[in-house]
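Enquirer: Going down the list, the sequences are from chains A, B, C, D, E and F. Mapped onto this note's numbering, the consecutive letters of the first sequence carry residue numbers 32 to 268. Mapped onto this note's numbering, the consecutive letters of the second sequence carry residue numbers 32 to 268. Mapped onto this note's numbering, the consecutive letters of the third sequence carry residue numbers 32 to 268. Mapped onto this note's numbering, the consecutive letters of the fourth sequence carry residue numbers 32 to 268. Mapped onto this note's numbering, the consecutive letters of the fifth sequence carry residue numbers 32 to 268. Mapped onto this note's numbering, the consecutive letters of the sixth sequence carry residue numbers 32 to 268.
Hints may contain errors.
Identical copies look the same in the list; a pair holds intra-copy or inter-copy alike.
Subject to a maximum C-alpha distance of 30 Å in a straight line, what follows is the list of computed DSS-like cross-link-like pairs (lysine-lysine) [as the list claims (entries may be wrong)]:
no., residue 1, residue 2
1, K234, K252
2, K94, K41
3, K94, K262
4, K66, K159
5, K113, K159
6, K113, K262
7, K234, K95
8, K66, K262
9, K35, K95
10, K100, K35
11, K95, K113
12, K66, K252
13, K100, K262
14, K66, K95
15, K213, K252
16, K213, K35
17, K35, K252
18, K262, K213
19, K100, K41
Please keep in mind that the hints were generated in silico from the structure rather than gathered at the bench.
6 protein chains.
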Amino acid sequence: MDAKLRDRLKTLSTATITKQLQNRGFGNIGMAGVKPLVWGPERMVGEAFTLRFIPMREDLVGKKIMARKDHPQRRAIDDCPKGAVLVVDARGVTHVGTAGDILIARLFTRGAAGFVSDGGMRDAEEVKLVGLPVFVAGPAAPPGANAHAAVDLQRPIGCGGVAVVPGDIIVGDGDGVVVIPKALAKEVARDGTEQERLERFIKMKVLQGCPVVGLYPPGDKARAEYQAWVKAGEPEG
Amino acid sequence: MDAKLRDRLKTLSTATITKQLQNRGFGNIGMAGVKPLVWGPERMVGEAFTLRFIPMREDLVGKKIMARKDHPQRRAIDDCPKGAVLVVDARGVTHVGTAGDILIARLFTRGAAGFVSDGGMRDAEEVKLVGLPVFVAGPAAPPGANAHAAVDLQRPIGCGGVAVVPGDIIVGDGDGVVVIPKALAKEVARDGTEQERLERFIKMKVLQGCPVVGLYPPGDKARAEYQAWVKAGEPEG
Amino acid sequence: MDAKLRDRLKTLSTATITKQLQNRGFGNIGMAGVKPLVWGPERMVGEAFTLRFIPMREDLVGKKIMARKDHPQRRAIDDCPKGAVLVVDARGVTHVGTAGDILIARLFTRGAAGFVSDGGMRDAEEVKLVGLPVFVAGPAAPPGANAHAAVDLQRPIGCGGVAVVPGDIIVGDGDGVVVIPKALAKEVARDGTEQERLERFIKMKVLQGCPVVGLYPPGDKARAEYQAWVKAGEPEG
Amino acid sequence: MDAKLRDRLKTLSTATITKQLQNRGFGNIGMAGVKPLVWGPERMVGEAFTLRFIPMREDLVGKKIMARKDHPQRRAIDDCPKGAVLVVDARGVTHVGTAGDILIARLFTRGAAGFVSDGGMRDAEEVKLVGLPVFVAGPAAPPGANAHAAVDLQRPIGCGGVAVVPGDIIVGDGDGVVVIPKALAKEVARDGTEQERLERFIKMKVLQGCPVVGLYPPGDKARAEYQAWVKAGEPEG
Amino acid sequence: MDAKLRDRLKTLSTATITKQLQNRGFGNIGMAGVKPLVWGPERMVGEAFTLRFIPMREDLVGKKIMARKDHPQRRAIDDCPKGAVLVVDARGVTHVGTAGDILIARLFTRGAAGFVSDGGMRDAEEVKLVGLPVFVAGPAAPPGANAHAAVDLQRPIGCGGVAVVPGDIIVGDGDGVVVIPKALAKEVARDGTEQERLERFIKMKVLQGCPVVGLYPPGDKARAEYQAWVKAGEPEG
Amino acid sequence: MDAKLRDRLKTLSTATITKQLQNRGFGNIGMAGVKPLVWGPERMVGEAFTLRFIPMREDLVGKKIMARKDHPQRRAIDDCPKGAVLVVDARGVTHVGTAGDILIARLFTRGAAGFVSDGGMRDAEEVKLVGLPVFVAGPAAPPGANAHAAVDLQRPIGCGGVAVVPGDIIVGDGDGVVVIPKALAKEVARDGTEQERLERFIKMKVLQGCPVVGLYPPGDKARAEYQAWVKAGEPEG
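With these hints in hand, go ahead and build the complete structure from the sequences.
Expert: Right, dumping it as structure tokens:
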């Protein structure tokens, strides 16, 4: 992933990004039920590397299967590229884990950008200390194999009710996780930066006592005032 | 699929099959929320041919994509083999369709054994007249592309909360749909037939006034009586 | 249960009964998610005999446990008194059964008044032919032991989100199942009969073209007219 | 509502209507969880007349309030215009009723086109006999006031997860209920008729053994064939 | 709102208030799924100013509609009176926002007492810094217009499953948000103060080792002891 | 409960315990929807003492019933043995409390080991200060009697979707609460200690850059290296 694009996206809130995507007709790009367990000081930004679970069946799990060199979950952890975000389709099943502190530590040492799942996280207290941004449904002690069987790497998946295609850009912050279709990442970054400048101006005016009607979204007068403010070097007050 | 096996399985209720699978340690093989829309006079039995949806995203659906020769949903309909059951992973989304009367008619003309989805069915009244067994969450008018994008053919999926691997045996009747892992189909068929004979005996005794304690499951005395009944040619009363 | 009371209650709809209970301050007495599988020609009326399930755990189920003479589910079937309704607390788990055709047949031969569960029913097609009124969440093939362990007979339970105390009166019809606290059964029966007569009058007026405002509930004028109609022998039109 | 428009819409399935609305960018117009209780022989078509419930609070319900001449629910029943469909926002609460046989009978005598609610229906067996099309979540005995307080007439509402603005066109059939924004009704009717003709052709071809790829949606060749078929007077085979 | 009443209510926990309302027969006045995002050091207390959303439809949202001077959401923010709590009916939809940091900042500068919604909050990290108490379902990045259309100001609404009538008193603390019907606010405040004194006494006794049976609720002996303690000036131990 | 066993179990994470139970065929022993409100510095470990609620009915709650000496909830609080964990079956109803700060303080003074409920907690801010570990669905202001009636002490229950038999061992930490069937507690403690040592080794290797395939679960080579590491006194790096 382009380093400049990554850096630019790190400056944009997920709220801004979803607004930019709404402007382009994308209405289902914010994950439901996927919350930050640990992140910061920067936003999580990276390309999606995907893993898919299906419901557990007794012949699809077990020690022998877990020990196979091509077991998709273990492969996902060892193969997730530097800078990528591992995104797991856990079908919204929250009462078992989809990883634990050992797997998260491995992802961290590989230089992954983060871990996202609409399922649970084991060893949550330990995971918070690893250093990798993690967004999940919440902590959950039981092993994933109680409810899941891993079946696919790098296929399009659903996570938190939204589509994730390998290579999409995943961004996470305090509001949760959003997905930018790969082809739109550059323009979202560009226009999002402008949007955030405009919103900085609007918030400044609001704190000075202006009503939001006519200001947010800006009418002609507010827009003119904004352009003057930009020209003037964006003074603070 | 072996014709004898198919015929044998058609004589077994899904209740019997799930009991046989429970005996073998399989506890999650009956689909939740998947109900018969139309079936009969025989049970639906066939090998699973699978199709997978992910959540709709605006760049993953649309007329151009639907018109592609490799569109997974259309391919699924044209490629589903004679005697197979098309099983669709619709992530339990019930308020849009996952097929309609045209696609079901095409499956029927190809000799498919049935259609199963944990999503909705469009044109439900028309579909009831086609002649193909259909098990879905219920009728739903809106087109599937309002909520789904088709992504995969013949991969393991979840449907109604249970795993379905291509080639598994799918059986449907008034109690819904169950999945027999391929490797177990023969023994389930064999032991299920014996189970149903025993239960016929037990029900006969119950209707004659016997208590279920000691009879169902049978104690030593009941089992001896059963064996005598079998020897005697299973007389009716 | 008093035969006269039973006969009187059979003439009252569950809608009437819940209205009478609302008048007495009872607002949570209609089961949610419990639907008629088979009933009629009369309403189901009987005293509650209760059975309670908890979530399955591997050491609480199995063939040995099922074969015990004191297994609560089997005991419930063999001990449910003539005229009683067996009510099962299945914690709203709908994808497995809570009984099947053999157990329902046994209840029927014992003269039970019906079977109620907020879980599923196995062998639903067979069960419809037995002759016993059955109200459940719906058909479901898998055996109950996949999700439940039976633990208690004749304790207060929840079913469909409402309390059921052994001895309460259970009534079922096309609108579902309602519970009358034992102490209120007589007055509900008495006042319900009067309510249904009034509603017969109101419906007659409505079909003649009267507005519902002033009539339902009846104002002074409508009430006077009603009393005259009663005096006149409740003429049809 | 224009009689010609009504008649034209009665010939179109809700599946067709939702497809036409999808073509115009409307993706959330089919109600979830609202099922036919009784309808036919024609489709239900009429302008929306709306009623809104909020959660019950003890000071917002009761006999005095129900008896008021301006009680919104009673007003809705007495004021719903001939040919209109009364649509009720019951917040998806299914375990209590939102009307019963008396209110449905009154709507019927007034010439209403139907009743739609995402809540329950009391006296469901009686309601099926009245003659009015009714689409609800299902039967439910308890009075609505156990869970609802009526607050508004003729305001925009949500029902089954979709917006309903007074005056929108409501259509119901075996697939459920859909909403046509008023401004789009004419063009949906016009283009829907053409769509159904095309789909009749496609289904005919499918029953003759054609694959759906290239036919549905039609490619150039199929479209030419279709136009010839139209020119030829739409012959049956 | 009366300043004394406000100050008195700030001393009462929401647990106490719901108990007082239970004593008066009100059983559904605590919002479900509405959690504190930020509050303190004092409790949030204010009169309800209400805003209502319905499900999004493409013709009911968009830039033009958002820019209208009478757009209900923007109006709600600019018109919410000093000291009032803006309460939003978001139908429990949690995966999109119902406001963000700019709107919350505007409410704050206007002197509003707080913001309550059963939907999500955008820019949650920023919102925590504004200074306004906020109770919502949780953070959510996507703009509200992905799922909602604003339709009404100052009508009775549902929020978190409870009724909110404009002018009701809204109180929020660590246990969440409760609604006091306007007419009851004074007596709840008065009796709640007495209740909290009694519970202070009870907790003191409990920490000294007293059993709760006979003490909570207090029997005759405990009540006498309590009255003596009050007379003695409520000594600490 | 044996003091050594308790001490040993305090060293094991709930993730480890659920893995040990999975190894023994137990797949449903981690509570869903039950989160830590307050715990630490040690894990919560104790034998289950159980309390069961059913849905509220107006004749089963109220001041008189609450004041009875045998009221199950009050009895549970006064009778819960030193070192035990009070576990409450609240049927997953989260919007009302199942205890508050007074009851939790009483449990604390009695030396209970903790409180677990799949319902809500009143006075959550106060409860955090008492000193007792508490695991619940979350804070909730309204009194439990708005939704629950207490009916049983020391019967098997469901909590968070798992079975709890009186005397089972309950363990809680940041990942939530798990249940160890009594008969398995010793062997789980023993083998869990060995598992945690192995995982310490694995995590050390992972942080040194080893892939997880071949290491977790360990292949022959990794297992040999582990045994050497144990022999060497488990050196840190």
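Enquirer: None of the hints should be skipped; say for each whether it holds.
Expert: Okay, the hints, checked on the actual structure:
1. K234 / K252: within (16 Å within a copy, 58 Å between copies)
2. K94 / K41: For K94 and K41, the Cα distance is within 30 Å only across copies (27 Å; inside one copy 40 Å).
3. K94 / K262: between (65 Å within a copy, 25 Å between copies)
4. K66 / K159: For K66 and K159, both the intra-copy (13 Å) and inter-copy (17 Å) Cα distances are at most 30 Å.
5. K113 / K159: within (20 Å within a copy, 33 Å between copies)
6. K113 / K262: Result: close neither inside a copy nor across copies, 40 Å intra and 35 Å inter.
7. K234 / K95: between (58 Å within a copy, 21 Å between copies)
8. K66 / K262: Neither way: K66 and K262 sit 39 Å apart in one copy and 42 Å across, limit 30 Å.
9. K35 / K95: Close neither inside one copy (44 Å) nor across copies (33 Å); limit 30 Å.
10. K100 / K35: For K100 and K35, the Cα distance exceeds 30 Å both inside one copy (36 Å) and across copies (38 Å).
11. K95 / K113: Result: close within a single copy only, 29 Å intra versus 35 Å inter.
12. K66 / K252: neither (39 Å within a copy, 38 Å between copies)
13. K100 / K262: between (60 Å within a copy, 28 Å between copies)
14. K66 / K95: neither (33 Å within a copy, 33 Å between copies)
15. K213 / K252: neither (36 Å within a copy, 35 Å between copies)
16. K213 / K35: within (15 Å within a copy, 48 Å between copies)
17. K35 / K252: neither (34 Å within a copy, 43 Å between copies)
18. K262 / K213: For K262 and K213, the Cα distance exceeds 30 Å both inside one copy (33 Å) and across copies (46 Å).
19. K100 / K41: Cα proximity of K100 and K41: none, with 35 Å in one copy and 34 Å across.
When the structure is compared with the earlier hints, violations turn up for hints 6, 8, 9, 10, 12, 14, 15, 17, 18 and 19 and for no others.
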